[in-house]
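> This is what each chain is made of:
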Amino acid sequence: VTISLREIARCFDGMVPPVLVTCSAAGEPNITHLSQLYVLDDEHVAASNQFFGKTVANLDENPRACALVIDHEAVGAYAVHLEFEARKVDGAVFDELSGRVDAIAAMTGMSDVFRLRSADIYRVLDCERL
Amino acid sequence: MTTIVPELATFFEGNGGQYVGTVDADGTPSAGRGWGMRVLPGGSGVRLLVGHDAETIASLRSTGRVAVTVTDVMTYRSVQLKGRVVAMEPLTAADRAVH
Numbered sequence: 001v002t003i004s005l006r007e008i009a010r011c012f013d014g015m016v017p018p019v020l021v022t023c024s025a026a027g028e029p030n031i032t033h034l035s036q037l038y039v040l041d042d043e044h045v046a047a048s049n050q051f052f053g054k055t056v057a058n059l060d061e062n063p064r065a066c067a068l069v070i071d072h073e074a075v076g077a078y079a080v081h082l083e084f085e086a087r088k089v090d091g092a093v094f095d096e097l098s099g100r101v102d103a104i105a106a107m108t109g110m111s112d113v114f115r116l117r118s119a120d121i122y123r124v125l126d127c128e129r130l
Numbered sequence: 131m132t133t134i135v136p137e138l139a140t141f142f143e144g145n146g147g148q149y150v151g152t153v154d155a156d157g158t159p160s161a162g163r164g165w166g167m168r169v170l171p172g173g174s175g176v177r178l179l180v181g182h183d184a185e186t187i188a189s190l191r192s193t194g195r196v197a198v199t200v201t202d203v204m205t206y207r208s209v210q211l212k213g214r215v216v217a218m219e220p221l222t223a224a225d226r227a228v229h
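Those sequence lines, one after another, are chains A and B. Residue numbering for the first sequence follows this note's numbering, beginning at 1 and increasing consecutively. Residue numbering for the second sequence follows this note's numbering, beginning at 131 and increasing consecutively.
Hints in this document: simulated from the structure, not taken from any laboratory. Glycine residues also receive a C-beta, built at the ideal position from the N, C-alpha and C atoms. Accuracy of the hints is not assured; some may be wrong.
Unchecked claim - Short derived list, chain A residues pointing at chain B, Cβ under 10 Å:
no.	residue
1	L20
2	S24
3	N58
Stated by the list, open to error - Not the full set, but computed from the structure, chain A residues with beta-carbon under 7 Å of chain B:
no.	residue
4	G27
5	P29
6	N30
7	I31
8	N62
9	L68
10	L125
What the hints assert, rightly or not - Derived DEER-like restraints, expressed as beta-carbon distance ranges:
no.	chain 1	residue 1	chain 2	residue 2	range
11	B	G172	A	R6	44 to 52 Å
12	B	W165	A	H33	15 to 23 Å
13	B	D225	A	D90	46 to 54 Å
14	A	M110	B	H182	34 to 42 Å
15	A	D90	B	R214	36 to 44 Å
16	B	V228	A	G91	16 to 24 Å
17	A	K54	B	E137	19 to 27 Å
18	A	M107	B	L138	24 to 32 Å
19	A	S4	B	S174	43 to 51 Å
20	B	L138	A	M110	19 to 27 Å
21	A	K88	B	Q210	23 to 31 Å
Extracted from the complex, chain A is given alone in its bound form:
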């Protein structure tokens, strides 16, 4: 990993929602916004999965993904290259992300819409400044 995720911790504080790019087996890219991209350790992140019809379908075909995260203070952007590993629908990571998503929903009046479906675990392959 070129850049440690710990060095760019502000990118994961939820101020600027990241985007996630996945790709179908047929080679069509797809972009979606994430409510939360949560750093688990130096080599793993968890993404909040709320509405991801196309993203889930793509990951079933092709586990590679790339997240764009923004440092809102330094106005820098980073590409985090990922490989999907697992989908968690309960447990500590799911509960942590669910709490964060619920807090965002409450602040934005979206409690009837936002609901965490799963915490998607990715292995970090690389991180580079754009």
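Chain A is already provided as a structure; the job is to place chain B on it using the hints.
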């Protein structure tokens, strides 16, 4: 082929955040930023500035497959376009002013 209607053209050419998704020949996706989207006459396509990001540019050249999402950063209304690159041009002086 999809035609971009005027209401969407106004949205795309506004102040929203612009994000670019590409894929290389091995199926590896990349994420990058875009700026200054302009809808072509008749709504048949768009012209977009992309960041100086080697992977995004290499993927655009190799596969040409691209997704672009424009997001209103106040409401998070987002609209995604999907298509293929038909040409890549050097930056003009006007482009540099946008970027």
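> Now tell me if each hint is right for this structure.
Verification of the supplied hints:
The interface hint given for L20 of chain A is met, as the beta carbon of that residue sits about 7 Å from the closest beta carbon of chain B, less than 10 Å. For the restraint placing S24 of chain A at the interface with chain B, the shortest Cβ-Cβ distance is roughly 9 Å, inside the 10 Å limit, so the hint holds. At a threshold of 10 Å, the smallest CB-CB gap from N58 of chain A to chain B is about 9 Å, leaving the interface hint in force. This hint holds: G27 of chain A has a C-beta 5 Å from the nearest C-beta of chain B, less than the 7 Å allowed.
Given hint, P29 of chain A at the interface with chain B, holds; its Cβ is 4 Å from that chain's nearest Cβ, closer than 7 Å. Residue-level restraint check for N30 of chain A holds (minimum Cβ-Cβ distance to chain B is 6 Å; threshold 7 Å). For the restraint placing I31 of chain A at the interface with chain B, the shortest Cβ-Cβ distance is roughly 4 Å, inside the 7 Å limit, so the hint holds. Here the hint on N62 of chain A is kept, as its CB sits about 5 Å from the closest CB of chain B, short of 7 Å.
A cut of 7 Å between beta carbons decides the hint on L68 of chain A: the least distance to chain B is about 4 Å, and the hint holds. Here the hint on L125 of chain A is broken, as its CB sits about 9 Å from the closest CB of chain B, past 7 Å. The hinted window of 44 to 52 Å between G172 of chain B and R6 of chain A holds, with their beta carbons roughly 49 Å apart. Separated by about 18 Å at the C-beta atoms, W165 of chain B and H33 of chain A satisfy the suggested range of 15 to 23 Å.
Taking the beta carbon of each, D225 of chain B and D90 of chain A are about 49 Å apart, inside 46 to 54 Å as hinted. Against the hinted window of 34 to 42 Å, the Cβ-Cβ separation of M110 of chain A and H182 of chain B comes to about 36 Å, which satisfies the hint. Evaluation of the 36 to 44 Å hint for D90 of chain A and R214 of chain B yields a pass: the beta carbon distance comes to about 41 Å. The hinted range of 16 to 24 Å is not satisfied by V228 of chain B and G91 of chain A, whose Cβ atoms lie roughly 46 Å apart.
Judged by the Cβ atoms, the range 19 to 27 Å given for K54 of chain A and E137 of chain B holds: they are separated by roughly 24 Å. In this structure, M107 of chain A and L138 of chain B meet the distance hint of 24 to 32 Å, their C-beta atoms being roughly 29 Å apart. For the pair S4 of chain A and S174 of chain B, the beta carbons lie near 44 Å from each other, so the given range of 43 to 51 Å is met. Taking 19 to 27 Å as the suggested C-beta distance range, the pair L138 of chain B and M110 of chain A conforms, at roughly 24 Å.
The hinted window of 23 to 31 Å between K88 of chain A and Q210 of chain B holds, with their beta carbons roughly 27 Å apart.
Hint compliance for this structure: hints 10 and 16 are not met, and every other hint is.
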